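Put together the whole structure using the sequences plus the hints.
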Amino acid sequence: KKTCVVVTRRTHRTHNQAQMPSYLLHTIVLAVPLLISSSVAAFSLDAAPTERRQRPSEPSRPPPTIIPENEELLREMQARHRDVAATFVPSEFNPLPGFGNPHMQTIGGVFLRKSEGCSYVSEPGLAGISKILTAVASIDNSARDEDVCDYWDRRVRVETGCGQDFFHADVKYAGEPTSTWQSEESKGTIILIHGLESNSNSSLSTDMADAYWADGFDVICLNFRGCCGVPNLTIGGYHLGFTDDLRHFLEVLKESWETNESEKRPLYLSGFSLGANVVLKTLGELGETAETLYNIRGASVTGAPYDLERNVKFIDAPGFNRAVYSNNFLKTLKKRAQYQLDVHCEGNPLTTAFDYARVMKATAIADFDDSFIAPVYGFESNIDYYRQSSCVYFLDGIAVPTFIVNSSDDPFFDPSFHPIEKSVDGGGRAPITMVRTKYGGHLGYLFHRLREEEKQEKRTSSWMPTELARFVRHVHSFDYGQ
1 KKTCVVVTRR THRTHNQAQM PSYLLHTIVL AVPLLISSSV AAFSLDAAPT
51 ERRQRPSEPS RPPPTIIPEN EELLREMQAR HRDVAATFVP SEFNPLPGFG
101 NPHMQTIGGV FLRKSEGCSY VSEPGLAGIS KILTAVASID NSARDEDVCD
151 YWDRRVRVET GCGQDFFHAD VKYAGEPTST WQSEESKGTI ILIHGLESNS
201 NSSLSTDMAD AYWADGFDVI CLNFRGCCGV PNLTIGGYHL GFTDDLRHFL
251 EVLKESWETN ESEKRPLYLS GFSLGANVVL KTLGELGETA ETLYNIRGAS
301 VTGAPYDLER NVKFIDAPGF NRAVYSNNFL KTLKKRAQYQ LDVHCEGNPL
351 TTAFDYARVM KATAIADFDD SFIAPVYGFE SNIDYYRQSS CVYFLDGIAV
401 PTFIVNSSDD PFFDPSFHPI EKSVDGGGRA PITMVRTKYG GHLGYLFHRL
451 REEEKQEKRT SSWMPTELAR FVRHVHSFDY GQ
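Residue numbers (the numbering used here): 1 to 482.
Fair warning: there could be bad hints in the mix.
Distance windows between CB atoms, simulated [claimed, not checked]:
#: 1; residue 1: GLY161; residue 2: SER130; range: 50 to 56 Å
#: 2; residue 1: ASN70; residue 2: LYS334; range: 41 to 47 Å
#: 3; residue 1: LEU73; residue 2: LYS264; range: 47 to 53 Å
#: 4; residue 1: LEU293; residue 2: GLN338; range: 35 to 41 Å
#: 5; residue 1: GLU421; residue 2: LEU126; range: 41 to 47 Å
#: 6; residue 1: ASP342; residue 2: GLY175; range: 41 to 47 Å
#: 7; residue 1: LEU126; residue 2: THR351; range: 57 to 63 Å
#: 8; residue 1: PRO63; residue 2: LYS254; range: 26 to 32 Å
#: 9; residue 1: THR87; residue 2: GLY161; range: 34 to 40 Å
#: 10; residue 1: SER138; residue 2: PRO62; range: 26 to 32 Å
#: 11; residue 1: CYS162; residue 2: VAL89; range: 41 to 47 Å
Please keep in mind that the hints were generated in silico from the structure rather than gathered at the bench.
Since the model is a prediction, treat every value here as computed from it, not as a measurement.
Idealized CB from N, CA, C, for every residue including glycine.
Next comes the structure, spelled out in structure tokens:
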């Protein structure tokens with residue numbers, strides 16, 4: 001049975017990429033002098049008043065517990081791979097002084113990632129700062145045409161495991177393609193998972209893909225349902241713990257090996273933010289079978305939201321976070337919900353599929369999750385959704401070397417929570433290396449000051465994608481000596 005249909009055109013259109021509103025541009029411009037003067041108190045979460053909310057009733061089911069199919073094999077794999085994770089030596093993220101503010105990093109990551117002088121600062125003093133200010137002044141949101149993407153070599157439509165929907169996978173070949181999913185020269189394949197309301201065309205998706213592609217890997221970015229420019233066919237699309245499509249795609253690749261369409265080569269998983277959660281949760285669900293069934297050799301992720309129940313209080317915090325981040329996500333999420341109502345619920349605002357009135361009135365992500373995500377996907381409440389989906393409960397089941405890069409100043413996450421005890425450095429069983437940088441915001445990691453030895457490297461991506469790719473190279477060298 002064929003599981004995919006190849007669309008051969010190299011240029012495709014997307015219309016649902018989350019767009020930052022124009023006032024964010026003003027925020028960046030206004031933030032620069034604040035950063036230079038270190039006057040950033042207005043952006044402090046501590047300064048935001050706490051809004052009292054009615055807490056949903058306690059879910060009837062507890063958080064998930066990992067039950068491996070073969071516990072003895074899982075423990076053996078984890079022990080064998082601990083040294084691989086433990087011997088990786090992370091590098092230090094070192095932003096230009098005055099440009100480490102988490103909001104500058106977070107917002108700059110959207111607009112400035114590929115602007116000259118913003119990923120890396122190689123010139124000292126005012127020369128380096130001048131390039132950043134020039135890039136900020138040159139931002140033109142109206143000129144941001146992210147609807148057209150010619151980065152990827154091929155787009156493939158993949159029918160879902162349920163047979164009722166589809167998603168798109170975009171492929172970047174390391175060399176001359178020999179099959180749908182593989183090129184002749186590749187060392188293996190990276191499966192890349194994007195974040196909330198993003199897609200394969202985002203600057204971070206292509207930046208991460210560049211880092212892996214430069215190392216000789218084929219890269220496949222999975223677009224969640226409804227994120228590829230074509231509306232999906234069912235009322236659901238995806239959520240923070242939605243692993244169905246990634247797991248189905250692993251079966252698609254496995255089938256291509258078994259039918260000799262492709263060679264069985266090493267797989268590595270990568271993702272950012274929501275995509276990081278999905279990758280880590282998938283690995284925890286698969287346990288030892290990640291390697292034995294699918295030849296997954298490692299994973300490298302960033303912006304992992306370990307505990308969703310904790311974090312939602314921060315992204316929804318009144319003040320800057322809610323006004324900028326939460327509201328921006330809600331605009332696109334509400335549009336998606338309206339479409340689902342019109343197409344799948346006959347436009348009936350009294351539908352029982354979800355609470356339409358609450359969705360449209362939602363002023364916080366938690367409200368949307370409770371009124372849309374929970375009922376559509378069968379969760380008891382948003383709290384039940386967070387607990388069943390949080391990757392922290394799945395880390396103990398990971399069997400392959402895994403690298404997680406998070407920032408301690410990420411404005412989306414609880415700064416007091418860092419489950420280091422789940423890693424090799426904290427005495428955990430799983431072969432996980434965790435890095436928590438001092439700066440970086442949410443997926444920013446810009447304005448890195450290059451050390452002398454780094455200046456000799458021919459870097460194709462910003463600091464964080466380069467660091468993730470370094471870990472994959474490290475794991476690959478252990479297994480294949482390359």
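Run through the hints listed earlier and report the numbers of any the structure violates, in increasing order. 3, 10
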